[in-house]
Structure formats: structure tokens, C-alpha cells
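Listed below, chain by chain, are the residues.
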Amino acid sequence: MALLQISEPGMSTAPHQHRLAVGIDLGTTNSLVASVRNGLSVVINDEQGHPLLPSVVRYLADGSVTVGYPAQAKQSEDPHNTLVSVKRFMGRGVRDIRDIAALPYQFVDAPGMLQLKTVAGSKSPVEVSAEILKVLKRRAETALGGDLAGAVITVPAYFDDAQRQATKDAAKLADLNVLRLLNEPTAAAIAYGLDNGAEGIYAVYDLGGGTFDISILKLSKGVFEVLATNGDSALGGDDFDHRIYCWVLEQAGLSVLGDHDKRLLLTRAREAKEMLSERPTAGITAMLSTGQLVDLRLDEPAFRAMTESLVNKTLLPCRKALRDAGLTPAEVKGVVMVGGSTRMPRIQAAVGEFFGQVPLTNLDPDKVVALGAAIQANVLAGNKRDDDWLLLDVVPLSLGIETMGGLVEKIIPRNATLPLARAQEFTTFKDGQTAMAIHVVQGERELVGECRSLARFELRGIPPMVAGAARIRVTFQVDADGLLAVAAREMSTGIEAHIEVKPSYGLSDDEIARMLRDSYDHARFDVEARQLAELKVDAQRLVEATEAALAEDGETLLDPAERAAITARVAALTQAMQGNDAQTVKRASDALNQGTAEFAARRMDASVKRALKGQKLEELDL
Amino acid sequence: MLDFNRNHFEIFGLAPRFALDTEALERAYRDIQSQVHPDRFAHAGEAEQRLSMQWTTRVNEAYQTLRQPFDRANYLLELHGIHAMDPSNTKMPADFLMQQMAWREALEEAKADKSFAGLQDLGRDIGGLAQAMQAQLANLLDRQQDFPHAAEVLRKYRFMQKLLAEIDAAYEEIE
Ligand SMILES: Nc1ncnc2c1ncn2[C@@H]1O[C@H](COP(=O)(O)OP(=O)(O)O)[C@@H](O)[C@H]1O
Ligand SMILES: [Mg+2]
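Chains as they are written, first to last, in our numbering: chain S, 1 to 622; chain R, 1 to 175.
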């Protein structure tokens, strides 16, 4: 008998094609796509050699769309239709947006999420983000020479459920298969950690254009564990630009400006800010539409004075994150700097002072996140065999439900490790109460009004009992992407109600289908062909995974009859894939899935047993 | 098989004790996670993905409970049929409550004075006592096996923890 090869379970050893997988940093200001090529993570440039894609989308009257630098160039000329920093609006309503008066857009307050009015109609932030993703997808497919098997897309660690869901919807709309949503700071740590073989506690300080994140991570023996995250989803380089802009208005004695001039001055402000990272002074020159010439010079001390409070504002979340992790600044071994705004010397100094050490800046702060995401995408796509590291991510904000008096009862605390499920029992308030409204919220505050409302649903048909007698168990389940599903069940009767938190904030599948159809414009969009293609991709994956599992453990964990039964189903599915009937493929896939459930369970148990064997513990009966 | 009746300690192959080797717990947690985590199965079949999700969820729950001294003690008591935090069990000795009130006053005072030093002193005192209670819990739960008495200490310990949390929150308020 040939010797059996033993490898890590779950990892395909059957020869397969290298699957093309990318990491995407979908940034507020700039987006990037990276991929692992010949074992190295690299950013994929556009045809002109630019690594960054400005996250700017312009809609034209004829329905066409431009993205990136050409759109950015028209920003002041066509401010209403040129959408920048749209990430700030993901999963948000009009009421959530600070500084809304300072923005040149016309907002439409749609249920769940706002929309932006353009010459091409109202656009949801999800659609706008999808345009950016489509460009990156095309860029990657051209450079890599094939269809993408999947993508890891990064989100700020502080993003709540609605924002994560919106990001995933955007990917769906761009026809990207999302392998995982990954927290940006975690991605940065992957890029740094693997390159430098670092061990210990690290802080990742990410100040981009529109968001600030601080994460405390523990790297040890190949496990990345997020101990705590904190931040401010509305603080970034844009705010520094805005301070300069206000200063310009004051200095030049300007008051109300048109959208065009406002955009122009904000762009000049940003250029001056970036200049001040290299030089002691920067000029701000602009010709306004009124014919007035603005010509000012800003120096470093003045800039520092007007932005000092913003710099300090980033330190409070740092302190909180450390406290959550139960650590002091001295216990932090390294501070990773991420995001274009960390190029500001003042930021580097303040962070250095807070943590008592010189921060790490040896990787390009613009690219770190995309590089790390690509590494993770490569692993998730199953390309890397000796995956010797693992990522344990956490819930960014506590999840709970509303109880009497508008108070929040937390069910899942912030920073609990993903994925997880937690249940809590509640009871009725009045005699004979037969229904219970369940209001799901996310946030750290004690009052419902100060948290983000995620969903409302009702559990009906509770048998009439005296107050306090019914037992209603509410279960929260958060998956590896940090997305929530909630279920409620009355324990004595078993009456149940479920909600994917999605519908109230995200888009329903119907809406996505509609948008997909719209986006294909006049071109024929064949829903069925697409479905069949997707089913075949999944089926292929299933066949490969099953064959790999059989090769690894088939002899040891299955008897010949069981093995034959699985092999027969693999053959049936392979056969079905030759044809063009979606139903047949679906049925054969389901059959193989069911037929391998028991085998999968045995493999999982065996691997856990192996994992614990390494330890000198009392005998286990697993 | 993934047996949902197996208790949290058994999952990690650890003896059911309060005085736990936290490093061994952490090691076992990581070793199991590295086998069962969904990232390991992103490209596997549906059955494996579902199992992975169930395992990880279960392991996370067990780990979260065992790593915290309060939750661990409470869980150990539950294994012995004692629901220490049952609402019917809230009676506390009068002298303990008096002491609590004194501490709360001190906390309010430190807050009103925006006194970092005041908060620090208070935190150190209460933190020290909480530490001592942990030692007491280890003795009662692991050696004496006096569970009703341990439940009493645990209820006191929870008061101390709440105070410590309030002190933490106070730092933020006066910052
Ligand atoms: N040299 C620089 N000095 C100061 N700020 C800079 C510099 N380079 C880029 N930035 C700022 O970085 C921000 C964009 O950072 P980036 O990491 O790309 O953002 P995001 O993650 O939000 O997309 C912008 O506000 C930009 O002005
Ligand atoms: Mg970024």
C-alpha cells in the first residue's frame, strides 16, 4: 500500500490551477488593488503606472461614468456629479453626516441609506463604490490575465454592521466574489508581520482621508489576534483640509462660496497640507469664479496651531483601545503607521510621544493595507499550502437590544472574537402580552437613542401568561465578516422569528438584481446564464475540495462503502457540470454536500484531536 | 464529534479548576482555532464551512468564559448546580455594603476634583482587594470545594469589578 500523505486538513492538496485572488483597499480617498505574484504581494498599477485610484466617480448626462484621476480632474468643474469620499456615506442616513452643509452634493434621504442626486439619477453610495470596484477588478484581470476567483476587501475596523453590509453589497454589484471583509489595520499588520517576522503587541495607527482607526494586535506564533479596536469613523485628512479651507476664507475675507469655488479651495488646501509635510511653507493660489484671486502663504506653525485639536483627537481612541486591551503604552512593541495622513511630521511626533517610541514607517503607508489584504486573499483562495498563520478578528462595537425605558442590554460585548453566537433570555412586561418588539442596536452607550439602530422585528404568538413568565431567548450570531443575524424564540412554545439584520440597512437581493440589470444598461443581461456560471464555479470548488479531502483522510476515516458512496456523488456532479441545466447542477451539488457532511465532521474532530495531542495534558476522550 | 454537552474545560482538555494555567488555555485555544477557523475553509465545501462555523463559535464561547476570572468562577459554580448570580441571591452583608458606599463616595469626590491621583489610589486599593478575592476563590473552589461560600465571595467580587469599571469610566470622563 502506498504511504498516505498527511497534510493540514482543510487545505486542498489536489493539483489545481492557481486561483487569481486580490486584496482591495476600498479607501475613502484612494483605492488600490494588490495580488500575490510569485510569492510576493504587489500593488497592481494602472496602465499609466499609477498605483492609486482616487476614489472619485463622475456621472455624465449620457449615463457614462468615469472613475479615478479623470474624474478627480473635473471635481471643481462639475462638483454635483463628481462624487468624492463616498465611503463616508456607506450605510448612513442624511442625519448621520456631519458637516453636511459643507458638502457640494444634493442628498436624497432614502430609507436606510441616503442617496446622491446626479445628472444620471440618484445614486446610492453602494452603487458609487461598485463603480470603483469594477475599475479595480478590470485592472486586476487585465494584469493577471484571467477571471478573479475572489477578493478580500478591507473596511475600517470601526465600521458597524450597516457599513460592512453596504461594502459587501457594493462588491456583489461589481460582480466580485468576496472571500472576506478584513479590517484595514489587521491587513496592515499582516503586511508588516509577515515581512518582519514580528512577535508581540503592536498598535496600528491608521489616519486616512476620512477615517481614523487604532487597533491593538497581538502577534504570536503565527496567530494575529486583535485585542482591541477603537477610532473615529469621521476623522481624517479631509478635516485637516477643512481647517485650512476655513483659514483661507477668514484670511481672504470670503463668506458664502459656490460649490465650484468651495471644491477648488478644498483641493488647494489639500495640496498645501501635503506640501507642508516636506517644506516649512506652502502657497495657496486660486482664481475664484467671481474673478477674485486668492493668494496666501501658510507656514508650518500656523498649520500646526489650527490642527492641534485634530491631532489630539486621535489620541483619545488610542488611550481607550489600550485600556480595553488592558495594556500600557510601554507594553506596545511597535507602532505601525498607515494612511497618507501619517506622512504629516506632526502626527508622527504626536504618536511617537504617546507610545514613547519612534513609529514604524518602512512600508509605504498608502499601500500597506492592500498588500496585507492580498496576502490574506491568497490564503483564502487556497493557494498557499503551508498556511502557518491565522487571523482572529473581533466585533468592533457592542451589539444589544432595547429594553424597558429606552435602555440597551448588551448581548455581545465589543472586542469579542469572531465568529460568535450569544443568547440571552428576556421576559414579558405585561400580563397576557402576546407580542414582543425586538429592536437591535449597535454601540457603546446605555441609551438606545445614542446607539445605531440596526433592525426592528416582532415576535408574535406568545401564549398569554402573567408578566415575567414567558421566556424569550434572543440569539445573536456574528459571522467571520462581522455581519449579524438575530433570532428570537419563545422557549415554552418554540415560536420563532429570525432576521438577517440586512434588510433595514443593506440592499435586498432584489434591489441588487435590479441595480445589476441597470448597470448592464442596454447590453442584454442574462440572469440565468450568470446563475449557471456561478453554480458551476461553486460545483468545481466542491469537487476539488472533496477530492482533496478523500486523498488526505479517505483511507483512514471512511470505510470502503462510504468512500464509494462519496466518489459516486463526485462523479454525478462532474457529469452534471458537463451539461447546461442549472437545476441538475444544483441538485448534484446539494447531494454531494449532504453526502460529505459526516466525513467533514470526522475530519474536523480528528484535526482538533491532533491539535490538542501536542500538549501535555490529561488523557482526553474527544 | 462536536458535542455541545461537553463543558468548556473539556473542550480545551483542561481540568475544571479556578486556578487555571492561562497560558495552557491560550495555547489550546490557538491550536484548536488554527484547525477549525473559517479562514481554513474559505475554499472548502458547504458541510465543512458549516462545521467550521459551529466549532469556532463554540470554542470562542468557551474561551471567552474561561479567560475571565469572574466568568470562570461563575461557570464552575454552575457546573456544581449553583447559580451565584440568581436575582434571589443578592443579599449582601451590611458591613460590606457600608464599605461599598464609602468607596463610591470617594469615587464621586475624585471625579468632582478631576483628581487622577485620587482615582489611581482608589483603583489600587480596590484592585488589590479584588486580587485577594481571586486567591480566596481559588481556595474555596479548588481546595475546600465550599461552593456556597465561594458564591458569596463571587458576588462581592462582582461589586468590586463594577467599581473598577466605574473608575475606568471616570478616567475617560475627566480626560
Ligand atoms: N504627504 C502628505 N502629507 C499629508 N497628508 C497626505 C500626504 N499624502 C497624502 N496625504 C493625505 O492622506 C489622505 C489619504 O490617505 P489614504 O490613506 O489614501 O486615505 P483613505 O484610506 O481614506 O483612502 C488624504 O487626506 C491626503 O491629503
Ligand atoms: Mg485607508
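These are computed hints drawn from the structure, not numbers from a lab. Source: prediction; values computed, not measured. Hints may contain errors.
What the hints assert, rightly or not - Computed Cβ-Cβ distance ranges for the label pairs, DEER-style:
no. : chain 1 : residue 1 : chain 2 : residue 2 : range
1   : R       : D86       : S       : T493      : 20 to 30 angstroms
2   : S       : S289      : R       : A117      : 50 to 60 angstroms
3   : R       : M92       : S       : Q424      : 54 to 64 angstroms
4   : R       : D86       : S       : G200      : 40 to 50 angstroms
Stated by the list, open to error - Which stretches of chain R does chain S cover? Using the computed rule of at least three CB atoms under 8 angstroms from a CB of chain S, they are:
no. : region
5   : 19 to 32
6   : 38 to 48
7   : 143 to 157
Each residue gets a CB set at the ideal place from its N, CA and C atoms; glycine is no exception.
A quick look at each hint next to the structure:
1. For the hinted restraint 20 to 30 angstroms between D86(R) and T493(S), the CB-CB distance of approximately 24 angstroms keeps it satisfied.
2. With their beta carbons about 58 angstroms apart, S289(S) and A117(R) fall inside the hinted range of 50 to 60 angstroms.
3. A beta carbon spacing of about 24 angstroms between M92(R) and Q424(S) contradicts the range 54 to 64 angstroms that was offered as a hint.
4. Between D86(R) and G200(S) the CB atoms are about 42 angstroms apart, so this pair conforms to the stated range of 40 to 50 angstroms.
5. With a threshold of 8 angstroms between beta carbons, the proposed coverage of the region 19 to 32 of chain R by chain S holds, since 6 of its residues qualify and at least three are required.
6. Beta-carbon proximity to chain S at under 8 angstroms applies to 11 residues in the region 38 to 48 of chain R; the threshold of 3 is reached and the given coverage holds.
7. Using a Cβ-Cβ cut-off of 8 angstroms, 0 residues of the region 143 to 157 of chain R lie near chain S, which falls short of the minimum of three, so the contact claim is violated.
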